[in-house]
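Peer 1: Listed below are the residues making up each chain.
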Amino acid sequence: MTRLIRTIVAFALTLACIAALPGTASATVYAQIEGTGSTWSELIVQQWIADVDANGMKVVYTGGGSTKGRKDFSQDSTDFAISEIPYQGTDEQGQADTSNGREFAYLPIVAGGTAFTYQLKVGNDLVRNLRLSGETLAKIFTNQITNWNDPAITEDNNGRKFPSMPIKPVVRSDGSGTTAQFTTWMDHEYPSIWRPYFGQSGLTSYYPKHGGQMISQAGSDQVMNTIKGFAGNGTIGYVEYSYPLNADFPVVKVLNKAGYFVEPTQYNTAVALTRAKINQDKNSQLYLTQILDDVYTNPDPRAYPISSYSYMIIPTGKDDPRMTTAKRQTLADFTYYSLCAGQTKAGPYGYSPLPLNLVQAGFSQIAKLKTADPDVDLTDRDVTSCNNPTFDGKNLSHNVLAEKAPQPASCDKVGAGPCGTATGTNQPSTDDPNASGGDGTGGGDGGGNAGAGSGAGGPGDAPAAIDPETGLAVGDTGTATSGDAVFANPTELAANRAVDQRTFGWLAVLELLALVLLPGFYVAALRRRVNGGRS
Amino acid sequence: MRRALALALLVIGLAVPAAAGARPVVGGGFEGSRGSGASAPSHLDRRTARAGAPSHLDRRTAKSGWSETKTLSRKFVQADGSTYSFPSHTVTVTADETTNLRGRQRILIRWKGAQPSGGRASNPYGENGLNQEYPVVVMQCRGVDDLSLPAKKQLRPETCWTASVVQRSQITRSEGEASWTHDLAAAPEDKGRITGLDPFPTAEECPAADISPYFTKLTPFATAKGETFVACDADHMPPEAAVDAAFPPAEIAAFTDTDGTGSVQFEVRTDVENESLGCSDKVACSIVVIPIVGLSCDQPSTPMTISDQACRKGGRFPAGSSNFANEGVDQAASPALWWAPSNWQNRFSIPITFGLPPDTCDLLDPRPPTGFYGSELLAQAALQWAPAYCLNKQRFKFQLNQMPDIAGWNLMENGGGVAAEVSSEHPRSGTDPIGYAPTAVTGFAIGYQIDKPDNAGEYTDLRLNGRLLAKLLTQSYLGSDLGRAHPGIGDNPLAIMSDPEFIKLNPGLSPNAQEAGATVLSLSNSSDVIEQLTDYIAHDQAAMAFIHGKKDPWGMVVNPKYKNIDVPRADWPMLDTYVPETQNTCRQDNPAVYFSQLAAPVSTMRDIADALLDSWPNVQTRCEKDLGTGLYKLGRIDRQSYGSRFMLGIVSLGDADRYGLRAAALEAKPGTYVEPDSRSLAAAVQLADQRKKYHPFALDQGDVRRSGAAYPGTMVVYTAARLQNLAKDDAAKVAQFIRISTTEGQKTGSGNGELPGGFLPITRTGPTAKLFDAAQETADAIEAQHTTGPAPTDGPDAGGSDGGSVAPPPGVPDEEEPSTEPVPSAAPSAPPTAVSMPATEPVGSELAGGLLPLLILLGAVGCVAATALRVAAPVVRRRG
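The listed protein sequences derive, respectively, from chains A and B. For what it's worth, the numbering used here labels the leading residue of the first sequence as 235, then goes sequentially. For what it's worth, the numbering used here labels the leading residue of the second sequence as 5, then goes sequentially.
These are calculated hints, taken from the structure and not from any lab test. There's no promise every hint is true.
Okay, derived cross-link-like pairs now, DSBU-like style, lysine-lysine, Cα gap no bigger than 35 Å in a straight line [unchecked claim]:
1) B/508 <-> A/604
2) B/554 <-> A/638
3) A/604 <-> B/116
4) A/552 <-> B/456
5) A/355 <-> B/79
6) B/732 <-> A/552
7) A/604 <-> B/286
8) A/604 <-> B/157
9) B/229 <-> B/286
10) B/156 <-> B/116
11) B/229 <-> A/602
12) B/229 <-> A/292
13) B/696 <-> A/628
14) B/696 <-> B/629
15) A/355 <-> B/116
16) A/638 <-> A/511
17) B/317 <-> B/286
18) B/751 <-> B/673
19) A/516 <-> A/292
20) B/74 <-> B/229
21) A/292 <-> B/156
22) B/157 <-> A/552
23) A/638 <-> A/628
24) B/116 <-> B/195
25) B/567 <-> A/292
26) B/156 <-> B/79
27) A/511 <-> A/395
28) B/456 <-> B/629
29) B/286 <-> A/292
30) A/355 <-> B/567
31) A/602 <-> A/516
32) B/156 <-> A/604
33) A/552 <-> B/229
34) A/602 <-> A/552
35) B/397 <-> B/286
36) B/397 <-> B/697
37) A/647 <-> A/395
38) B/567 <-> A/395
Please construct the entire structure, taking both the sequences and the accompanying hints into account.
Peer 2: The following block contains the structure:
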């Protein structure tokens with residue numbers, strides 16, 4: 235009898251084990267989807283594609299620029315496009331920029347700050363803490379400010395003067411969403427500077443290059459190469475923050491409405507985008523596209539003004555020529571991954587996680603795939619199951635972001651500083667000693683990571699680590715480690731003057747000669763005197 | 005003060021000129037006695053190396069190969085009813101792998117004895133390949149050629165995939181382009197004006213199809229689900245069909261060389277990649293190879309009609325010629341009519357089977373992923389490894405986030421990531437000790453895509469040495485006449501193909517310079533790959549002499565901007581500043597550093613692999629007026645044409661194997677060139693030493709150059725994590741990852757959790773045993789997270805407790821090998837330690853650095869003053 239019971243129990247346990255196994259080879263059927271578009275967001279999109287491969291999803295993405303992405307989508311050559319700007323109806327050259335009748339929806343996928351990276355040397359030291367106001371930037375890219383010693387730049391840097399050197403702006407030569415984002419901001423914030431230069435109002439994907447100093451390059455990689463290059467001293471260009479981050483190059487701290495100069499770190503961008511509005515007019519061609527007016531003027535001291543996000547353009551027609559149930563399912567699940575777990579790596583890659591308002595907007599767009607095809611399975615794919623680092627899916631009113639994002643350092647304020655900390659390192663510039671360093675993934679990077687502390691501070695926080703021998707905190711704040719790095723002294727006015735080098739060079743040679751020869755002379759003189767004494 | 009410091013620095017600079025960049029060079033005695041290490045243990049080499057395959061490394065067996073021979077001939081029925089036969093071709097087609105395939109796998113298909121092709125297209129894929137004569141059409145079709153099977157499971161033209169309409173249907177052709185209506189093998193009903201579908205689509209459905217007197221022949225496409233697309237225009241094609249899509253077509257009209265041979269790497273697709281075609285483990289499919297020998301024609305009318313004549317045309321391009329202008333060709337010899345019965349009957353049908361699709365992870369799995377950050381070298385392995393983690397509840401959810409090694413390292417150090425994947429030792433910025441666990445053995449390759457002149461096929465034996473790579477990296481080739489005015493190097497060759505050194509090493513290639521031949525596509529950001537590549541150059545005497553300004557034997561000199569550049573280094577800078585002066589308005593408007601535009605490095609090796617696959621160099625020198633904006637702009641040059649491709653790029657061995665890229669043999673011992681394969685990787689691992697417990701192994705390129713068997717691009721990817729202050733459960737995850745990836749993760753195969761091609765398995769025995777042992781050791785230490793005790797440190801107090809170096813792990817594995825070399829396995833501990841001295845850590849104290857020269861200066865001033873006093877005082881005194 236006991237044996238029978240044991241057998242039954244064992245059998246039941248076995249069954250339970252089988253039932254408890256994760257649903258392998260689930261019923262979800264995927265088919266490969268293909269897309270082209272933005273290089274601004276390409277770095278992280280390629281990573282997502284590698285990630286979802288484990289889920290059996292095959293996604294092909296080849297970049298090529300936002301303009302190409304929108305065009306390919308309109309010609310039915312692709313299943314999705316990624317673009318920084320919506321279809322313009324008519325582009326700046328009067329050519330059609332529409333979806334050509336293909337039904338679509340805009341879906342936000344990744345946010346980021348348009349960063350201004352530069353190469354500016356004082357002596358032989360690379361300046362890593364340049365600050366500029368929006369107006370100065372607009373004037374630089376419209377050839378109104380053409381020298382690094384311009385008083386406006388000096389003023390932005392609290393009186394710190396840079397050497398006299400021509401400014402060489404680097405712009406994109408291809409149709410680019412980065413250009414569109416930058417010019418949208420200029421057109422909105424500094425129309426009196428931008429419009430006379432452009433000759434019309436509005437944004438453009440093709441930067442109007444005027445004057446001999448400006449350099450144009452195709453693609454973000456090439457812009458970065460030009461600025462990094464040996465011939466790049468004096469250049470400044472605009473790229474997504476991830477490019478200077480990967481290249482270990484500084485970015486400009488841009489003045490925000492609250493009077494702080496801030497860097498486009500993931501948090502500063504995310505904070506700014508909490509003010510992003512979404513076009514809710516269902517009849518508008520631009521339904522659900524971004525209205526960034528309040529982002530540019532967000533009064534939060536942390537907000538990076540030129541923040542924006544990329545859209546995925548997804549086909550929503552019932553009879554879309556390229557769509558099948560399997561492809562729609564792949565599209566839905568790929569975007570679900572991107573909006574949720576995929577956002578945890580936005581920070582480390584130099585992007586910014588999408589805040590709740592945009593993720594919710596994204597889910598409403600994904601739902602359209604199910605409207606078009608009821609066989610698409612969207613069960614449990616919602617904000618509550620979403621592993622997004624900016625909010626807590628279980629408690630949506632809990633603003634995780636506001637807690638995580640550190641306040642700017644006081645030396646970043648207008649009229650103070652400038653701070654000596656370096657930019658382009660993905661470290662926040664802050665006085666907050668608890669601010670995490672590069673720990674962008676904190677909450678999202680594993681339940682384990684968040685939960686179990688190893689005794690000393692958050693496990694992710696290197697600065698809070700305790701030296702096991704002394705028991706003292708190791709290091710200070712995230713900024714302290716870089717605080718004593720070599721930066722050009724704010725009071726240093728001299729450039730790398732050839733005269734200096736020559737003078738000191740000769741001096742050094744003389745000193746060296748003296749070092750070698752004088753003792754000999756001295757001995758010789760001594761001997762002579764001794765001889766003289768004898769004689 | 006600043007000036008004083010600058011002065012002090014100058015003095016230091018003058019006094020100790022040789023201090024910088026000196027790296028410890030391992031003494032040669034022991035290595036010399038070790039023999040050349042020429043033969044790696046044989047059990048690593050059981051896999052068959054297949055001749056002609058681009059990468060021998062770890063491709064699965066060639067057992068499932070396929071071969072067939074057929075005799076093909078073109079026949080005309082003459083006006084008198086007699087039959088004229090052209091000389092026949094006995095064609096043999098072989099395929100290297102046909103069973104248990106996976107989606108996007110590349111199959112090598114070769115043939116011999118075929119009619120030589122003419123009018124080579126610059127791109128033979130999809131619709132771009134149509135304007136060629138006598139090509140070999142290779143395509144994927146659903147079904148197999150087996151008459152015993154029900155009709156549904158047999159292949160026919162309607163189940164063969166093409167990405168565009170023009171590849172399958174002939175729409176509204178004039179009579180002169182309706183040669184198929186006289187196909188000898190066609191049934192009478194297929195010779196009409198409008199054919200292919202009965203009933204023929206209505207004018208509403210296909211407005212362009214039926215326009216008298218024009219001819220139309222449709223080849224509809226039947227999907228796996230039974231739907232039929234009539235293929236009369238782009239709107240009546242299956243969803244996956246698109247021209248210029250992000251996913252390029254696989255079907256190809258391949259070129260047969262003048263000797264009758266040819267080959268192609270054909271990418272197969274499953275129902276995931278192509279749902280309409282629908283091939284899977286359940287639905288059998290075939291690769292169809294149709295060597296075009298020209299249409300056979302029926303009895304002509306008298307006099308011959310225009311279409312009779314069209315059928316009998318024999319081609320307007322001579323064999324071996326090119327058709328880069330994409331001119332029209334003789335239809336009867338073109339690939340467009342592959343479906344015509346007299347072509348279709350010449351087909352070779354290679355049956356293929358797909359493996360079970362791998363289990364996939366649940367998207368809604370609530371476990372958040374744990375990111376490891378770093379090396380792209382691991383990318384292909386991580387793709388296969390990830391499912392083995394998320395599918396197992398006992399494991400954590402692993403993700404590899406690819407980024408520059410240093411970026412991943414920094415994230416690991418500051419707590420942003422639990423572990424980093426790197427391939428060399430990195431300086432610590434924090435205080436926690438870091439352990440390195442060997443995780444995979446792979447490396448980089450100089451990938452290439454080079455055609456022999458006169459359409460004689462692809463070049464497969466590229467050899468490069470350190471000096472040639474140094475010439476490429478230092479931007480010492482001129483690129484084009486625009487580079488001629490560059491100061492100091494105006495007499496250098498334009499590109500590597502016109503460099504006598506390269507020609508001597510790789511004879512028989514076209515010496516016509518292309519801009520793409522002036523550069524090797526490389527990485528723009530810091531990478532351990534660049535560090536290893538430049539270390540290889542640093543150990544090449546000729547290369548270093550060149551960098552230091554010595555002319556090569558043919559008079560070429562280094563670009564002065566790169567003269568004496570410090571190597572090795574992890575990032576390769578763009579140092580040139582030369583902007584050519586030209587009369588070209590576009591270039592005047594876009595003054596750019598010409599050599600930087602030639603080099604145009606990119607962010608990821610994946611981009612480089614893509615560029616090589618597309619044979620699309622990233623050279624950014626194209627300057628033209630944009631018609632839309634009216635602005636002059638710079639951009640990327642065109643894709644290279646088949647037949648005149650020449651491109652070099654730095655790729656990972658994993659990508660090279662995955663995409664079938666060719667990898668150059670690099671010079672090891674002078675005159676000995678080594679290709680990446682399991683043998684040469686193993687030989688390199690054998691040379692690598694671990695200096696200290698938990699530290700990475702160092703592969704000394706000096707040893708590589710002595711060995712002659714080791715591949716210089718061999719790299720070990722390490723999982724690096726903190727040995728202290730890592731959260732316990734993160735530490736457990738990292739330890740788990742190390743243990744799993746060094747055991748089940750080293751079984752070669754294409755399944756979940758297995759090791760893909762391009763990697764050398766790490767095993768408990770054999771040359772990789774020391775890596776295995778080191779990995780387990782480090783895994784234990786990471787898991788333990790000892791907060792006190794004998795934690796290893798690599799800080800300034802390096803001389804401490806650990807006793808410097810760890811002897812190679814017990815010699816047992818060595819003895820198991822069929823040891824063909826005199827490795828002193830009996831005494832494994834003693835000799836190696838002698839040579840592997842820890843590198844001297846640069847001691848940094850700004851205070852001391854500034855003070856020391858100041859003190860010397862002070863002394864000197866004192867000296868001068870004293871002398872002056874001594875000499876002058878008596879004079880003064882005397883005067884006084």
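Peer 1: Hint by hint, where does the structure go against what was stated? Just the numbers, ascending.
Peer 2: 1, 2, 3, 4, 5, 6, 13, 14, 15, 17, 25 and 27
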